[in-house]
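Asks: One-letter residues, chain by chain:
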Amino acid sequence: MCAAGYATMDESFSIAGALPLADKEATAMEEQEFRSLYDATARPILAYLVGVTGRRDVAEDLLQETYCRFLIRQPPSMDANETRRYLFRIATNLLRDRWRKGDDELWQETAEEGFSVDVDTQMDVRAAMRALKPRERELLWLAYVEGMNHTEIAAATGLRAISVRMLMFRARKKAAGLLQAERSTI
Amino acid sequence: MNRSSCQRECDVVEALRGGSFPDELRSHVGSCAICAETQPVAQMLLQAASVVRVDHELSDAGLVWRRVQARKQEIALKRATRPLIYMRALSVVYVVLFAAWLLHSFWRSSSMEQISRWSGSQDGTACFGAAIAVVAIAIGAWFLLHDGRRSGERVPSM
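Residue numbers (numbering that gives the first Met the number 0), protein chains in the order written: chain A, 0 to 185; chain B, 0 to 157.
Only chain B is shown next, with the shape it has when bound in the complex (with noise of 0.2 Å):
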């Protein structure tokens, strides 16, 4: 019959760990195809593990400790840069959206009608305070981006 294990396997795998090797269990290693292929396996493994164990020391917890706060630190400061980053992405779209649509409606009228139409109407405050908001998020959204830039390079990537 064709096995794939033997449920003395963990037996003969006990004993190696022990260091006694029973008379019985020997026998049934003898007899048994998967055992026999398990123990020498095994016993490589185990010599080999020791060695590992005995030869190497371990780094100190402190270190990994420290260095797992740093990276959480690192990923805390990511998470709260994020709106901003989101909030800088829009700005830029904004920017990019409205110059487009100035662009666009100067191409359609004359830019000299365009201008004393605006100047001339009754809504000139509203165009004045829409110009001065669309001024202010231009230079919200350069300093932004400057700012991004300044503190990329400052932060280290994960």
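The shape of chain A in the complex, shown without the other chains (with noise of 0.2 Å):
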């Protein structure tokens, strides 16, 4: 897989000494940093909320929860390319703990919120993401939007690099398979 990743983000963005909330003015630097924060990282992620729950509402829940948790948590000084993976960890738990309690059939019956656009091709990728399960959409999305490689995606699902090339092989397959098929019946 890619070497590099697509990452968006502006890399002169730092969270280090973000943290401490000891007055105003320190409160104020922490929330333009967070605004700074959020502006680079949130569309991907929203992205890939969208694109594995087929959700908006639920994805919009999904990435305040997950900005919620960064900064409870309040990670180490991490590079842009580290806090983009951290921030894609918490997503990708966010969803499985969604999909552990059984929210995941929402997918087959409002996935139409997600993909708004009424061509082929979305009728494609509606078709496909149905029928994929959730722990594939996630591998593909990280993989073939975000650009990750194996070493990346298994830090940001906490899978293992192994596991990872194992289940996108899977996954690919699956999905290439998938798409085939819908085109044929067209």
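Check the hints yourself; a few may be wrong.
Claimed, not checked - Result set (BS3-like, lysine-lysine): computed pairs, CA atoms no more than 30 Å apart in a straight line: (1) B/K77 with A/K100; (2) A/K173 with A/K132; (3) A/K100 with B/K71.
As the list claims (entries may be wrong) - Okay, the calculated beta carbon distance ranges per label pair: (4) A/A130 with B/L45: 17 to 27 Å; (5) A/G157 with B/W141: 42 to 52 Å; (6) A/R129 with B/R70: 30 to 40 Å; (7) A/S162 with B/S58: 32 to 42 Å; (8) A/W98 with B/I131: 56 to 66 Å; (9) B/P21 with A/K100: 19 to 29 Å; (10) B/R70 with A/R99: 34 to 44 Å; (11) B/R70 with A/G157: 18 to 28 Å.
These are calculated hints, taken from the structure and not from any lab test.
Note that the Cβ used here is the ideal one computed from N, Cα and C, for glycine as well.
Work from the hints to combine the two standalone chains into their complex.
Replies: Right under this line is the structure:
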């Protein structure tokens, strides 16, 4: 897989020193820093959450929860890519929590909310996404949309790199088969 | 040979992202089973991602920030009241044990005998002090329990 991810974050961004809440000035600084982090990272994470859940409302809730958890845990100083991976990890864990509760069934009922454009390719996306397992959706999205390599995907999902390779292989094969079947019926 | 990945898979994805698919890569995709699967899947997902990114407005960072601050305050409040919760539990245990001990001692000797022995003893002052302490602890425990119930209604759970 790709050696370097498609990081869209501003590389000058850093979360170091943004943690103490000693006085109002420090709070204002921290908020500003948070805003730059949010602006740099939120859009791809929202896209990931919508892509995997198929639900815009759910994705927005999970996005907010992702940043809440990030700030509450206050991780030590990280560079931009580590922060990005860490945020994806939190988002992935939140998705997993949802699936454990059995909430993934919603994909089948209201997936249209996530992909509102009515063109052939979007029909393909819906059909393929519905048929894929949640973990398969995650892996394919992280690899092909976020451009993460197997190690980065492993860090973002909590899986081992070797497992990622095998799961990716199966997910790709399954998705390709589904797309082919979908197109042959059109 | 049964491969699970191809070194050029990344090039295929990069080319799709960039929007230009060189002939050389096209011919590779034609001859590589892995990349032939990668191309339509990546294309589908990239199209989906571009639609999502264009269509969906982000929530305001300030809103998320305020939510986080409120959550932090809740956590700080919980941490601050944790010792009180322990104290409450300990005081309940103390009162229960004391009541059990008292009942036990009354059971073993007649109550009137016990009272007269206490009142006639030289340690009357100490017994009186102990009784006041027990009453104070009982009142304190009752107050903590009562107050805890009221604050539990006010503070939303995490």
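Asks: Which numbered conditions among the earlier hints are violated in the structure presented, ordered from lowest to highest?
Replies: The structure conflicts with hints 9, 10, although it agrees with all the remaining ones.
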